[in-house]
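Asker: Heads up: the protein sequence lines correspond to chains A and B, in order.
Using numbering that gives the first Met the number 0, the first residue of the first sequence is number 0, and each one after it goes up by one.
Using numbering that gives the first Met the number 0, the first residue of the second sequence is number 0, and each one after it goes up by one.
Read the hints as simulated data drawn from the structure, not as lab findings.
Wrong hints could be hidden among the right ones.
[As the list claims (entries may be wrong)] Taking lysine to aspartate or glutamate and the EDC-like style, the derived pairs with C-alpha atoms no more than 20 Å apart in a straight line are:
(1) B:Lys45 <-> A:Asp625
(2) B:Lys45 <-> A:Glu535
(3) A:Lys616 <-> A:Asp249
(4) B:Lys45 <-> A:Glu409
Note that the structure is a prediction, hence the values are computed from the model and not measured.
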Amino acid sequence: MLPEFGYGVLLVSFIVTVYSGFAAWYGVQNKSASLVESARRAQLLTFPLLTIAAGVLIYLLVNDHYEVSFVYEVTSRSMPTYLKVTAWWGGQAGSLLFWAWLLAMFTSAVTIRKWDRDLEFLPWVIVVSAITLAFFIGMVVFYENPFTRFWDVGGEVVPSFFAPSATATVFTPQDGQGLNPLLRHPGMVIHPPMLYLGFVSFVIPYAFAMAALITGRTDDRWIRITRRWTLWAWLFLSMGLVLGGRWAYDVLGWGGYWGWDPVEIAAFMPWLTGTAFLHSVMIQEKRGLLKHWNMILIILTYALVVFGTFLTRSGVLSSVHAFANSPIGPLFMGFVSLTLIASVALLIKRWPELKSETEMKSMLSREALFLLNNLLFIGILIVCFWGVISPLASELFTGTKITVGPPYYERATGPLFAGLLFLMAIAPLSAWGHSTVQTLGRVLWKSALAASILTVVLVFTYTKNIYALIGFFLISFVLFATVHEFWRGANARMKTQNENFFAALGRLMGRNRRRYGGYIIHISMALMAIGILGIEIFQMETQGTVASGESLELSEYRVEYRELASWDDFGAGVNYTRSVVDIYENGIFIGQLFPRIDYYYDSQQNMTIPGQHATLKDDLYILLVDWQPTSNEGATFKVYVNPLVNWMWIGSLTFLFGLMFAAWPDKDPADEPVRRKVSAGDRQTSAAD
Amino acid sequence: MKNYKLRITNYALFALVLIALTGLFYQTASAQDTTPTDDDVNAIAKQLYCPVCENTPLDVCPTEACRQWRELIRQMLAEGKTEQEIKDYFVANYGARVLSEPPRTGFNWLVYIVPPVLILVGAYILFNSFRAWIKPRAVESVSGPVKEAKPSSSDDEYVKRLEEELKNRK
Numbered sequence: 000m001l002p003e004f005g006y007g008v009l010l011v012s013f014i015v016t017v018y019s020g021f022a023a024w025y026g027v028q029n030k031s032a033s034l035v036e037s038a039r040r041a042q043l044l045t046f047p048l049l050t051i052a053a054g055v056l057i058y059l060l061v062n063d064h065y066e067v068s069f070v071y072e073v074t075s076r077s078m079p080t081y082l083k084v085t086a087w088w089g090g091q092a093g094s095l096l097f098w099a100w101l102l103a104m105f106t107s108a109v110t111i112r113k114w115d116r117d118l119e120f121l122p123w124v125i126v127v128s129a130i131t132l133a134f135f136i137g138m139v140v141f142y143e144n145p146f147t148r149f150w151d152v153g154g155e156v157v158p159s160f161f162a163p164s165a166t167a168t169v170f171t172p173q174d175g176q177g178l179n180p181l182l183r184h185p186g187m188v189i190h191p192p193m194l195y196l197g198f199v200s201f202v203i204p205y206a207f208a209m210a211a212l213i214t215g216r217t218d219d220r221w222i223r224i225t226r227r228w229t230l231w232a233w234l235f236l237s238m239g240l241v242l243g244g245r246w247a248y249d250v251l252g253w254g255g256y257w258g259w260d261p262v263e264i265a266a267f268m269p270w271l272t273g274t275a276f277l278h279s280v281m282i283q284e285k286r287g288l289l290k291h292w293n294m295i296l297i298i299l300t301y302a303l304v305v306f307g308t309f310l311t312r313s314g315v316l317s318s319v320h321a322f323a324n325s326p327i328g329p330l331f332m333g334f335v336s337l338t339l340i341a342s343v344a345l346l347i348k349r350w351p352e353l354k355s356e357t358e359m360k361s362m363l364s365r366e367a368l369f370l371l372n373n374l375l376f377i378g379i380l381i382v383c384f385w386g387v388i389s390p391l392a393s394e395l396f397t398g399t400k401i402t403v404g405p406p407y408y409e410r411a412t413g414p415l416f417a418g419l420l421f422l423m424a425i426a427p428l429s430a431w432g433h434s435t436v437q438t439l440g441r442v443l444w445k446s447a448l449a450a451s452i453l454t455v456v457l458v459f460t461y462t463k464n465i466y467a468l469i470g471f472f473l474i475s476f477v478l479f480a481t482v483h484e485f486w487r488g489a490n491a492r493m494k495t496q497n498e499n500f501f502a503a504l505g506r507l508m509g510r511n512r513r514r515y516g517g518y519i520i521h522i523s524m525a526l527m528a529i530g531i532l533g534i535e536i537f538q539m540e541t542q543g544t545v546a547s548g549e550s551l552e553l554s555e556y557r558v559e560y561r562e563l564a565s566w567d568d569f570g571a572g573v574n575y576t577r578s579v580v581d582i583y584e585n586g587i588f589i590g591q592l593f594p595r596i597d598y599y600y601d602s603q604q605n606m607t608i609p610g611q612h613a614t615l616k617d618d619l620y621i622l623l624v625d626w627q628p629t630s631n632e633g634a635t636f637k638v639y640v641n642p643l644v645n646w647m648w649i650g651s652l653t654f655l656f657g658l659m660f661a662a663w664p665d666k667d668p669a670d671e672p673v674r675r676k677v678s679a680g681d682r683q684t685s686a687a688d
Numbered sequence: 000m001k002n003y004k005l006r007i008t009n010y011a012l013f014a015l016v017l018i019a020l021t022g023l024f025y026q027t028a029s030a031q032d033t034t035p036t037d038d039d040v041n042a043i044a045k046q047l048y049c050p051v052c053e054n055t056p057l058d059v060c061p062t063e064a065c066r067q068w069r070e071l072i073r074q075m076l077a078e079g080k081t082e083q084e085i086k087d088y089f090v091a092n093y094g095a096r097v098l099s100e101p102p103r104t105g106f107n108w109l110v111y112i113v114p115p116v117l118i119l120v121g122a123y124i125l126f127n128s129f130r131a132w133i134k135p136r137a138v139e140s141v142s143g144p145v146k147e148a149k150p151s152s153s154d155d156e157y158v159k160r161l162e163e164e165l166k167n168r169k
């Protein structure tokens, strides 16, 4: 009964979504305000409807309704309740519903904002978001139904939603297969929602961009309205990526957090265009330039969001041919292509109206440097996109499978990332409109000098690796230049306002949160870069089999194997094999670690949990690879030393803080007056955003 | 005395040759004896991709099949095969997908050529647009003095600008 109810609600929400899109479109064509209002209410209704459908699915998951095939695939009796709930996004059908539910939440939220001054956008925002929402709900309703049940048809078990024949009875398996153990980690519980939130929230700025193109109101209003949305979208997407990295580091057992896997890249690509977009919209707000480019970037971001979902959901990555076997792949491909063509057609139609209001003055102006930053982001996107696509192309056209792995990505993106760091140091200090080598040099020479001195010190104390040194120079340049900018601003206020340093700094940051939040994010990026450099260039590893009392040595660490124990937890359906190792640094005992392997009986899968000793200097990361039945015969360990890697996580936390600082809602900025009519002269002298 | 010295030198020379020779024998003997370490195996496995799992390097792949492949590498190393020979063996048996990067032949060249070409095209477009944007101003500055061309020279100006921004922030 419940599955029928859940499916019924899904069907209704699909109809309501299609209605809202159609009513909004028809209403605006016929200037019927009441029809548009009806569309808006329909849009609002989709969220509670999908919440009910999701609630039904969660109820089925939690209460072991294994007659439902999705429940059977992702849960088992031994799983704790919270994991049964999060199993909602642990499989195909559920995660598509989850996507749709989040999108409905965002589109509903956007329809209840005050529309007084932007009423002409409203119907078109509804149309665009309804099309996207209808696509995802349609996918769930017609192709990936999470409420499909098992039926016993004359002894044969068939999955189907409706009874396949009159005599068929519902078949209920004793227990489910259980969630993939890799997905039971807390990082994996939060990572997909974050990523999906990031994905769906980029739909909102896209919808407004399309509304601006359709209505012809092509000033920067759409950008101002969606400023916060974009920041939050970016926050979620970034956090999703970082959590995914942390999850990989803790669970996948290969000593790293980022393997340039196509699934990772699928989520990374919209982040790249989104980041470029965040920067280039500022140029349009400040200088009225780059209107075309901003449209292109948001269209690309939207396309990549759907494309990323397609890559991870259609099975195309394992084989081009798997893609054709499920209806999901071609439908996604069709949807991406259609929306892309429609958006580009609209953009071309409005091309002449999107002319720049002023012109570029200098190659060193902030807007010029921002454009260079955009080029680098797009460059990285090209490398990533091509790296994901070419194995598919190779399989399709030549029939041979190829792997495009880390060496390709590292070689190609390394210089581009270095370029981004350099721009991060100099661009915030260049002025809008106009900068010269002299003006830039005056504000930067101290930071450049400090970074150079630090680099020379590093040559004598830490490394002579040229790539590492270039990296450390750029990172310290960013850090010094950014901190100097904080100091310079606060100092200036101290002089003029007679404030003490902290009051001055606080006021300065509080009054322009987006700008200084942005600087904090730059600092966090530099910190993360330290971690990336550390693990990329200085990672060390060794592997060996040792008997109890024997040790492995790596760098200044010694890892001594003590003992090993193996036991069953029948309640959880897991066998644990846990080793005990003593660790010594330069001969001094610093602690014990417990690398272990968990074997999950229901899914017959191993999970390797490393023992980690984390310091700011490095991570000692020990994996239990293999063991002999009796511990005195020995166990095999793989030991990594990952220098500086923890700066990655410190940087991530700083990043989160910076973004919250920039994006935390005060009074709705969209409700503040539309951009004052500023004369061109005024605009050019304004130095910052 | 002289003779004696010569004799010592001769003995020393003889001893040296002997040591060198035994050393040589010892070296070859030990090369045959020692089985390759896990690190030797991993150094090669790292560059190969698991032929069955998606996008998993062979050195970290936990499946039983991969454990056997690592043993195979160890065996081949013990037989004196070089790194290149081992990699070639894997490519011959499981296809180019076991390499972390496609070999630079035929169709695969596209993998390496397309990104730099596209990025260069992007850079060219950007550079051209810059020139197009900047040109009108060059003409303008001939026709009359342009205020903002003066670099903001003093700290006062910076303070003024900062204050103005804070006041005017929208």
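Asker: So, for every hint listed, does it hold in this structure?
Answerer: Okay, the hints, checked on the actual structure:
Distance restraint check for Lys45 of chain B and Asp625 of chain A: the Cα-Cα separation of roughly 18 Å lies within the 20 Å cut-off, and the hinted pair is therefore satisfied. Restraint check for Lys45 of chain B and Glu535 of chain A: satisfied, since their Cα atoms lie roughly 14 Å apart, inside the 20 Å limit. Proposed proximity of Lys616 of chain A and Asp249 of chain A is supported: the alpha carbons are some 18 Å apart, at most 20 Å. For the given pair, Lys45 of chain B sits about 15 Å from Glu409 of chain A by alpha-carbon distance, which is consistent with the 20 Å threshold.
Checked against the numbered hints given earlier, this structure breaks none of them.
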